[in-house]
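Below, each chain spelled out in residue letters.
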Amino acid sequence: MSSRVNDFAFKIATANGTGSGSANGLIMQSIFRMGIPVTGKNLFPSNIQGLPTWYEIRVNKNGYTARTPVFDLVLALNAATYAKDVAEVRSGGWLLYDSTWPLDPKLIRPDVTYIGVPLADLCNSAFKGIRERILMKNIAYSGALAALIGIDPDIIRALTTEKYAKKPALLDSNDKAVALGYDYVKANYDCPLPIHLEPMDATKDSILIDGNTAASLGCVYAGATVGAWYPITPSTSMMEGFKGFCTRYRKDPVTGKNRYAILQAEDELSAIGMVIGASWAGARAFTPTSGPGISLMNEFLGLAYYAEVPTVVFDVQRTGPSTGMPTRTQQGDIMLCAYASHGDTKHICLYPSDPREAFEFAVAAFDLAERYQTPVFVLTDLDIGMNDWMIPKLTWDDSYTPDRGKVLSAEDLEQAKSFYRYMDIDGDGIPQRSLPGVHPKGAYFTRGSGHNKFGGYTEDSDEYQEVLDRIARKVQGASSSVPAPFILEKTGAKVGIITVGGCHAACMEAVELLDNDRMPVDYLRVRGFPFAAEVRQFIDSHDINFVVEQNRDGQMRNLLLLETGASPTKLDSIRYYSGFPICAQYIIDGLKSSLLVTA
Amino acid sequence: MSYIAKPKVHHPSLKPNAIGLTRRDYEGALTTLCAGCGHDSITAAIIQAFWELDVEPHKVAKLSGIGCSSKTPAYFLREAHGFNSVHGRMPSIATGAGAANGDLMMIGVSGDGDSLSIGFGQLCHAMRRNVNLLYVLENNGVYGLTKGQFSASADSGSTSKKGEVNTMEAIDGVLLALTLGATFVARSFSGDKEQLVPILKAGLMHKGFAFIDVISPCVTFNDHEGSTKAYAYTRGHQIEVVQADFVPLRSEITTEYEAGSVQKVTMHDGSVVNFRKVAEDYDPTDRDRAYAHIRQHQEAGEVATGLLYIDPSSVDMMEQNDVVPTPLYNQPFETLCPGSAALDKLQLRYR
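Just so you know, the protein sequences line up as chains E and V, in that order. Counting along the first sequence from 1, when you hit position 87 you're at 87 in the working numbering, and nothing is skipped either side. Counting along the second sequence from 1, when you hit position 7 you're at 7 in the working numbering, and nothing is skipped either side.
Hints are computed from structural coordinates only; laboratory data are not their basis. Bear in mind that the values here come from a model prediction, so they are computed numbers and not experimental data. We put the beta carbon where it would ideally sit given N, CA and C, even for glycine. Keep in mind that a hint or two might mislead.
As the list claims (entries may be wrong) - Derived DSS-like pairs: lysine-lysine, alpha-carbon spacing no greater than 27 Å straight-line:
| hint | chain 1 | residue 1 | chain 2 | residue 2 |
| --- | --- | --- | --- | --- |
| 1 | E | Lys204 | V | Lys345 |
| 2 | E | Lys163 | V | Lys345 |
| 3 | E | Lys406 | E | Lys441 |
| 4 | V | Lys193 | V | Lys264 |
As the list claims (entries may be wrong) - Which stretches of chain E does chain V cover? Using the computed rule of at least three CB atoms under 8 Å from a CB of chain V, they are:
| hint | stretch |
| --- | --- |
| 5 | 114–125 |
| 6 | 198–211 |
| 7 | 294–306 |
| 8 | 394–402 |
| 9 | 427–438 |
Turn these sequences into a full structure, and let the hints steer you where they fit.
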């Protein structure tokens, strides 16, 4: 068969809690350092130890980083899932297994090439102790894989040397384990396989990072000082990231004291209360959570909306409803966040598509929350938040200053004739704000009960409506301040694809593949809510638009219908909600089948 | 929360405090609670305490949840920011506000429904965290705004206005606080201003969570025979086990005490609480003995009052988190943002 260079995918099947994470990370990073675009998806169970787990790696010279469902090679290292893993190899592909034990003949497929490597035997004779043997078996498979697909052993060696610089014994074991797998495969099989790697120069301006880490870094750069949270998958690593960065950057150089406070709350209700309290008192504060947390926060979110307190919430979405599948990805909270809480509300939402935007939108979220004095949601998902993505390096403009909005200083208040908290003084619907402890003239009563523009309690219909209408105008005004939609146009296109967040990579790939197939489509990715005017214009300028999203009910399509006033006949829908990230082929198939039916 | 603006009238005869303010300057809007409500007496005691402490009103944040008691922050300190939050969730707002601005003097006013039912978890965790907050639980054993349902502090065997008997055990805020490790625990009575004011002052100066359960009769729904939160019942069963005099730092001690009758406890800023012990062998710094003592009175159908327990070595939330002394909300941005050079360097880790 002819060879396929830098364009293939493989999958590694192991058991949770055996240390395969380090091995998989090592493989990803080695390929990245060879200059080849690479992406990894960790499909893990809600479990600490023992259940099956998979790691998918795709290398693609064109830079396509979406998930692919076609696997050229499967490393079947978990006997419990052999049958499933054997079935997943594409016809003509390869399967690596631990040949310490014979393979059940029922698992033999005639169209697959089997590569047996006695990993357990090799590690049992090379290492002592059960734990080390299990851990090193994983490292040994990275060595075997390196030989099969042509990962540069010097790069692996450099990575292990960096990682275990301070642990020479571990470095020694790792190197030994890599060599075990590598040497065995080299001695027993023709290497490399027809699917293999060759060095490129396509990653030097990129980094490999997950979205939770990037978002937490954005919080540090935005000047957030209070983080309140309740641990919930898949958002937990965001606060761990924030803590790590604060430890590095936020210690007073003289006293060693912290220029931040991290509050682990008793539940999400309390976490959002702390964020509202801290923001009310003038700090930049945030909470990372996931769908179940947003459900609990609803009451407080209505208070923040109505009392006009800046509030930043990161929703790393997972599958719902209810507990759902906590370690699987989805975009199921689009509606929940847009209108959280009882009564009439509408909230600013930002939709990053990758870790780079997670970093940038984190900063934007604090600016928008303070400028508009309202809750702002940053909606990522498990795929963006927890998987390592190849993204262009993050950049920072040192001339950035935080937009604190209309906050009156002690001097402002001293000079002001009067201060009324909820008065629209310049027509943009945004009132002036004062902070506690600053000046006697700034005092007002923050309340979720009916209030008039002076900040006083009211049960008067006109006074109540006046404030409520102003808030609606204020939030709608944010449509021109949220990140503008990303638009890509192809010559002659009459069909549009509209998407949001983490579907971006798959959509971009689909758009290119369709264009190559002489089916040009235009593409728009929504990046913020309330929607910018371009969104409606895009919808109207196409015969039909396919809204691609990862939920059952077409939540983004529904939100577009509700909020843009576009005709339902203009909006078709492609929905994927298996819990795994969407693939380009799914979009292409959905679009083609719908267009063929219509034609 | 309904209120009526109160005219600010200055009487030349009113005595100014050390910063030149009179008690009028610590007042707020007119109350809209029922005439005779215990909560209004507590408000008066709060005004007195702030005035005596010479606090600048705008340095205070007054917070509450939802309910009759939670309306009262509108009735004192008109020059302070107020936050009437959602039912039972005031502690989390206070926790966040305290984290953002450690210089704020915070008072939270809550009720027995707000604290012991819907907000039970938040109260417990704010105590556990030792948030620097004076928490006043205005305890009347009944839901007033919804017209007379038992609250979680209603004693077993007590009756409602309609004659219904409560069969469930009460949750006692003071015993709860002692169990959870609260660093300042007191109980008082809205009708005993002489006892309440020094406790409020000590609570405001305490570094950490100061919990005061104040029996505050509801004249409309819970002041009848059969109620254990009525004026008559409380007057008849209140036992003051310890009297606390609060002496702020740098004040002259004017009260004369008989030798051996006083236990001095020095607070974090050097202020002193002088405990005049009414009960023998009572030690307000001994958590276990305080607990046992209160239980004994409870068994006898009595309500033990006073500043019952204090931990002078209390370490509050911000100290536990080792936070810089300058309030976080006021940190210069350049000390918070690491900048582009640091970002370039950091990203080598992700290569």
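Evaluated hints:
At roughly 15 Å between alpha-carbon atoms, Lys204/E and Lys345/V fall within 27 Å of each other, so this suggested pair holds. Of the pairs offered as hints, the one joining Lys163/E and Lys345/V holds, with about 17 Å between alpha carbons and a cut-off of 27 Å not exceeded. For a cut-off of 27 Å, the pair hint linking Lys406/E to Lys441/E stands: about 16 Å separates their Cα positions. With a CA separation close to 22 Å, the supplied pair Lys193/V and Lys264/V stays within the 27 Å bound.
As drawn, the stretch 114–125 of chain E meets chain V at 0 residues by the rule of a beta-carbon pair under 8 Å; below three, the given contact is violated. A stretch counts as covered by a chain when three or more of its residues have a beta carbon under 8 Å from one of that chain; for the stretch 198–211 of chain E and chain V the count is 3, and the coverage holds. With a threshold of 8 Å between beta carbons, the proposed coverage of the stretch 294–306 of chain E by chain V holds, since 3 of its residues qualify and at least three are required. For the stretch 394–402 of chain E, the assignment as covered by chain V holds, since 8 residues bring a beta-carbon within under 8 Å of that chain's beta-carbons and 3 suffice.
Check on the stretch 427–438 of chain E: 5 of its residues sit with their Cβ under 8 Å from a Cβ of chain V, so the three-residue criterion for coverage holds.
Against the hints set out earlier in the document, a violation occurs for number 5 only.
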